[in-house]
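Student: Here's the letter readout for the chains.
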Amino acid sequence: MNFATHMNELAPADAAAFRALAGHLRAAPEREPSAGLTDRIMAAVDAERARRSRFRAPAPWWGIAAAAGLIAAITLFELSGRSHSAQKPVPQDSGTAWLAESQEADGTWSPSKHGGSEAYRPALTALSALALDRASEGFAPQIQRACDALAALQGADGAFGGEGRARLYNHAITTFALATLCPHHPALKPTLDRALAFVSVRQTPQGGWDYEPGSEGNAAVTAWQVRALACAEAQGFDAAKIPLRKGLRWLRSVARDDGSIAYHRDSTACSDGLTALAAYTLITAGKDFPGLQELGRHAAEALSAAPEKSAVADCYRDYAKVLAFDSVGANAQAETVRKQMHVQQQAAQPDQWAKVGGRLYTTALTALAAR
Amino acid sequence: MTWHAQLTELDDATLMFRVRDGDRDAFAVLVKRHQKMLLNFFARSGVQYDCEDLVQQTFLRLYRYRERYVVTAKFTTFLFLLARQVWIDELRRRKRHERLVDGLAAEPPPEQVAPAVADATASGGMDLEQAVAALPEGLRDVVELGVYQDLPYAEVAEILGIPVGTVKSRMFNALAKLRAFLEEK
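Chains A and B are the protein sequences, given in the same order. Every letter in the first sequence is one number past the one before it in my numbering, and letter 165, counting from 1, is 165. Every letter in the second sequence is one number past the one before it in my numbering, and letter 90, counting from 1, is 461.
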């Protein structure tokens, strides 16, 4: 029996009304999954597989594996002293030179020319400027033009542009970049004051930030806002102090016992990228608050440097992992992820966030993650 | 490309067998095939903005339980069982969290009671889909599975753990409530 045959059993008047009702229900428009949902789910499945394989050792082979591991460990220990100095870091490639060449005349970078979305022009300009700043030297004119361009993008409310999701990411990443660059560009101070005012206005009463109405915050965008506030506070912007404290408290509330960081406070969803960025943020921005660095370290320990099996790269996740591993002194793991990023960039491997950031994003994040 | 095309032609049960054998691509095909159905299942349950999180949780649970899937159970039945359990766990977690966290006491309860529905009811502006979301859970489940998904009542009964006769009576009651709502409007 199904709905149709059930209706045949009812009085004709009821059946007709219910059939019409069912017709209305079925005709209602359905929600479409977002473009990246399949990839996110598969990334979560891959992470699950990686976690399980780390803890699983087939019993019959356990003794042999343990013996082999012991021999390998002794060998590596003996070699480590000699080989450490010879370990080759991943060289920083010509990505920054390409970024410098790609800057527009107005000082911004154009995402749409490189496969990204124009909605994120401020954030991608900010990341590109940071990448140039992190390179050895020689990009001072480009960085100055980027700072001027970002200041010019600021609206009356202090925000740097975009709508919805893009608005808050643009704002946090740009504020973070300007706070980082401010010591060498003191003219940015008024811009930063207004930017911090906007950060404070958009903070929820619970201490987080979100672009979805009714939410008290999501960890992804909150981590970026906290990074921006921490950087500004370190540069002497007192207006950052209270929102920073509240933001860190909210970030602490989404940490789970297994080390992962939940997207919403009540959510079960999490990802390695989110956990890594939050871990790094807690460790670096939470150094003056009891327990936050330990929490961040616990989160970083839950991460794996093992390559993801997905055919789609996730430069954002890998960048965050490098930050997290570096911040806890896990240099070998950080280097492993750096190498993956370098290989992916050389191979122009499709990236999960390509439609958002295009080549600007992968190049800038790979440069920012470089040793 | 050819290999992927072949996979998409396989039925759910065959894909699940491949997943059990470690075939990641087979699982990706299942995700693509059923994610929209699950997304709308959660959306119609009154979830506002965590629907995709819950879809992800359901597929993760499916992956963990892949070896428990037996071909005697229709795949969608198995999937809805998992989705419903994910939703129940989520509601429990939120209720527990509400009790434990002082700071949440002053906040409106999150999505579980579909705040938009309550507001809309008060203002008389509720539409049919919101009315479905506002039904008691037991009634809403049979509408979701029996009407939207058009599952045989035997499967609905299996998913909900109730007799087929109860599915019929709940369906009648649910539709009668919705009909009354339309007539009042």
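Honestly, the hints are just simulated from the structure, not real lab data. Hints may contain errors.
Going by beta-carbon spacing under 10 angstroms, a handful of chain B positions derived as facing chain A [stated by the list, open to error]:
1. F388
2. D392
3. K403
4. C422
5. Y524
6. E529
7. G532
8. I533
9. V535
10. T537
The beta carbon of each residue, even a glycine, is placed where N, CA and C say it ideally should be.
Student: Under 10 angstroms is the threshold here; is the Cβ of D392 of chain B close enough to any Cβ of chain A for the hint to stand?
Tutor: 13 angstroms, violated
Student: Does C422 of chain B hold up as a contact with chain A if the rule is Cβ-Cβ below 10 angstroms?
Tutor: This interface hint holds because 7 angstroms falls under the 10 angstroms limit.
Student: At a threshold of 10 angstroms, is the proposed contact between I533 of chain B and chain A supported by beta-carbon distances?
Tutor: 14 angstroms, violated
Student: Per the CB criterion, is Y524 of chain B less than 10 angstroms away from chain A?
Tutor: This interface hint holds because 5 angstroms falls under the 10 angstroms limit.
Student: Verify the interface restraint on V535 of chain B: the C-beta must sit less than 10 angstroms from at least one C-beta of chain A.
Tutor: 7 angstroms, holds
Student: Are K403 of chain B and chain A close enough, Cβ to Cβ, to be under 10 angstroms, as the hint says?
Tutor: Result: holds, 5 angstroms to nearest chain A Cβ.
Student: Checking hints one by one. Is G532 of chain B an interface residue toward chain A, by the C-beta closer than 10 angstroms rule?
Tutor: Not OK, violated: G532 of chain B not within 10 angstroms of chain A, min 18 angstroms.
Student: Does the nearest C-beta of chain A fall within a distance shorter than 10 angstroms of the C-beta of T537 of chain B?
Tutor: Because about 13 angstroms separates T537 of chain B from the closest Cβ in chain A, which is outside the 10 angstroms limit, the hint is violated.
Student: Interface hint check: E529 of chain B, Cβ to nearest Cβ on chain A, cutoff 10 angstroms. Holds or violated?
Tutor: Nearest chain A Cβ about 13 angstroms off; hint violated.
Student: With 10 angstroms as the cut and Cβ atoms as the points, is F388 of chain B at the interface with chain A?
Tutor: With a minimum Cβ separation of about 17 angstroms from chain A (threshold 10 angstroms), the hint on F388 of chain B is violated.
Taken one by one, the earlier hints fail for this structure at numbers 1, 2, 6, 7, 8 and 10, listed in ascending order.
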